[in-house]
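*Asks:* Following the hints, position chain A against chain D.
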Amino acid sequence: MTTYMGSPDASGRFGEFGGRFVPEALIPACLELEAAFKDAWADPSFHAEYEHTLKEFGGRPTPVTFCPRLSDALGVQVYLKREDLAHTGSHKINNVVGQALLTKRMGKPRMIAETGAGQHGVASATAAARLGLECTVYMGEIDTQRQSLNVFRMELLGAKVVPVTSGSRTLKDAVNEAMREWVTCVEDTHYCLGSVMGPHPFPWMVREFQSILGIEAAAQFQELQIGEPDYVVACVGGGSNAAGMFAGFANSSSQLVGVEAAGGSAVGFGTPGVLHGMRSLLIQSEVGQIEEAHSISAGLDYPGIGPEHAHLASSGRAKYYSANDEEVLEALQMLSRLEGIIPALETAHALAWVIREAGTLIPRGSKVLLNLSGRGDKDVAQVRDILRGAQ
Amino acid sequence: MTTLDIRLRELRDGGRKALVPYFLGGLDDEWLECVKAAAFAGADAIEIGVPFSDPIMDGKVIQEASLRALGRGTTLTSVLEGLHTLDIDVPLIVMTYFNIFHHHGLERSAIELHEAGVLGTIVPDLSLEEIAPWRTVSNEHDVASILMTALSTPPERAMQLAAETQGFAYAAARMAVTGVASDEGRGDLVVEKLRQASTVPIYVGIGITTPEQAAAACAFADGAIVGSALVQRLLDGEGPKGVEQFLGEMRSAINAVGR
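Protein sequences appear in the order of chains D and A.
Everything in the first sequence is counted per the numbering used here, starting at 1 for the first residue and increasing by one.
Everything in the second sequence is counted per the numbering used here, starting at 1 for the first residue and increasing by one.
Pulled out of the complex, with its shape left as it was, chain D reads as follows (with noise of 0.2 Å):
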């Protein structure tokens, strides 16, 4: 039997994607980031200042919720992984703890990050804030404007926010401006990349930092003795939520399903390519030039997806199905209404996903469970003004 979603190969390859594909500036750093990595995690003391620290700071283990009116309505049984119910209220606290711990680890006192709805941020300048680190995040100028809250959570947090003005002004910029910066200062900063993405390590890294919620979360399934989830459900932008949770589930008999954004849907419009530091598929012109993404979330607005999500699409452990904006909003409202949770605009991507296919796709009376990747107050201004703007 294949087993999926183990280390990648020594040139950080999952199957054809991935590698390390940076300026010779950073590979000296990448290699000792390799290292550094590979080393903590074969470290009981790590994982358990990990753990720890997960636990008594960052909420953890978060719960699975049953909802009982939202499956009544669809027909289907869903489940809820609750991500948004960890410290910062997103799923990516289990990343910048990670690198955190590991960016002292190494000696270093600084960290940079990227940001595109300022999850990440958050959550990096959280950590910072926590181990005493510097911290400096990249967020492109319009992310800046449609998540100004974050913005202002991030300098709260001690944390300086850069407006980055070049090329398309969202999140791959902030990559771009990110690595660029990490070039002048690798010495004694470490670049805490917010997604399963870049060069190696990082993609296997922040899966490896994700994989927690995906492996409680398929205890906490395994405690209700009603078998194996029938469908694994998360939203994918670079893809470190859907990756945590496949990797808690990608040697079961689980269909894993990945939902992109329809604007920026990177498997089912994009190409075999090479940015940031991988190969991957990629939303690019017939030259080769990297498109720009369009998303109703700033969280999605990535033009391609993790190495090892273009793997598990291209071998078929995985499936990747796409929303778009509209569906994304009815199904937001209706998980406020039914259960009283309010999702990320990101996490409404898998929402809209199950509530489309439920007694098509998904078969009636199937077992759901779906990541809810983080809490929704982020975007409620901008839903409102969508919304209203709609009347």
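Just so you know, the hints here were simulated from the structure itself, not pulled from any lab data.
A few of these clues could be false.
Far from chain A, some chain D residues (derived; all Cβ distances over 12 Å) [unchecked claim]:
#	residue
1	L131
2	G132
3	G158
Distance ranges between label pairs, derived from CB positions [to be verified]:
#	chain 1	residue 1	chain 2	residue 2	range
4	A	P133	D	S253	33 to 39 Å
5	A	A163	D	S7	26 to 32 Å
6	D	R384	A	E212	54 to 60 Å
One side of the interface only, derived from the structure: several residues of chain D facing chain A at Cβ under 8 Å [as the list claims (entries may be wrong)]:
#	residue
7	S11
8	R20
9	V22
10	E24
11	S166
12	K172
13	N176
14	V183
15	G273
16	V274
17	L275
18	V287
19	Q289
20	I290
Here a beta-carbon is modelled for each residue, glycine too, at the ideal position from N, C-alpha and C.
*Replies:* Okay, now just chain A, sitting in the frame of chain D:
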């Protein structure tokens, strides 16, 4: 050895310090005239950038130039068509990001580069670990692969890079992306690491802004690369005349360093 290896070694062995300007292909209607002006002003090799949407090794100047060129519909094909029309006896080197060749097809890229008279490539995001597929194909068509070495490169790795690079070794004078700078950086430290392992010519770049900085680099290296400082003049509309004047000053300053 590639043709570029032979040409640049001859140049070095003849006692001439190399001046290597960078132009962004397709920047404006005059870009080919600017390349010719550089040849006239005494450039020994010329780098031609092919614009990419996400140039992570480039600072503000080349970013802006790239956006401008992309806005004019510039592609690898259009740049190579332009180069094809040039009649200058200065080695041409194309600098771009790997996705451009990856998307165009490695074999097809190598063939078309060769047909356009290009002798080498610099692909900053193609590391030593990842370069093999491109090098194999490009070398079949006599296109050299130039590798960069950074201040952060450990000595053993620098020796490997010196042994593997073709044409020349690109010594990055500072831990930064391309751009203008007020000091000359520490290219000397990188050159020292490279010299231990190879007799390949070594050129210093990244941040070289003034004729004085270029001359200072040529005191310990075999040549100097000037990119952003030149491209900024083109963004400011100085055109071929500005190129000739600026590179003329660079040339004089470098020649004054002597052998």
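*Asks:* Take the hints in turn and mark each one as holding or not.
*Replies:* Going through the hints against the structure:
{"no.": "1", "hint": "L131", "in the structure": "holds, 25 Å"}
{"no.": "2", "hint": "G132", "in the structure": "holds, 25 Å"}
{"no.": "3", "hint": "G158", "in the structure": "holds, 26 Å"}
{"no.": "4", "hint": "A:P133 <-> D:S253: 33 to 39 Å", "in the structure": "holds, 37 Å"}
{"no.": "5", "hint": "A:A163 <-> D:S7: 26 to 32 Å", "in the structure": "holds, 30 Å"}
{"no.": "6", "hint": "D:R384 <-> A:E212: 54 to 60 Å", "in the structure": "holds, 59 Å"}
{"no.": "7", "hint": "S11", "in the structure": "holds, 7 Å"}
{"no.": "8", "hint": "R20", "in the structure": "holds, 6 Å"}
{"no.": "9", "hint": "V22", "in the structure": "holds, 6 Å"}
{"no.": "10", "hint": "E24", "in the structure": "holds, 5 Å"}
{"no.": "11", "hint": "S166", "in the structure": "holds, 6 Å"}
{"no.": "12", "hint": "K172", "in the structure": "holds, 7 Å"}
{"no.": "13", "hint": "N176", "in the structure": "holds, 5 Å"}
{"no.": "14", "hint": "V183", "in the structure": "holds, 6 Å"}
{"no.": "15", "hint": "G273", "in the structure": "holds, 5 Å"}
{"no.": "16", "hint": "V274", "in the structure": "holds, 5 Å"}
{"no.": "17", "hint": "L275", "in the structure": "holds, 6 Å"}
{"no.": "18", "hint": "V287", "in the structure": "holds, 5 Å"}
{"no.": "19", "hint": "Q289", "in the structure": "holds, 4 Å"}
{"no.": "20", "hint": "I290", "in the structure": "holds, 5 Å"}
No hint from the list above goes unmet by this structure.
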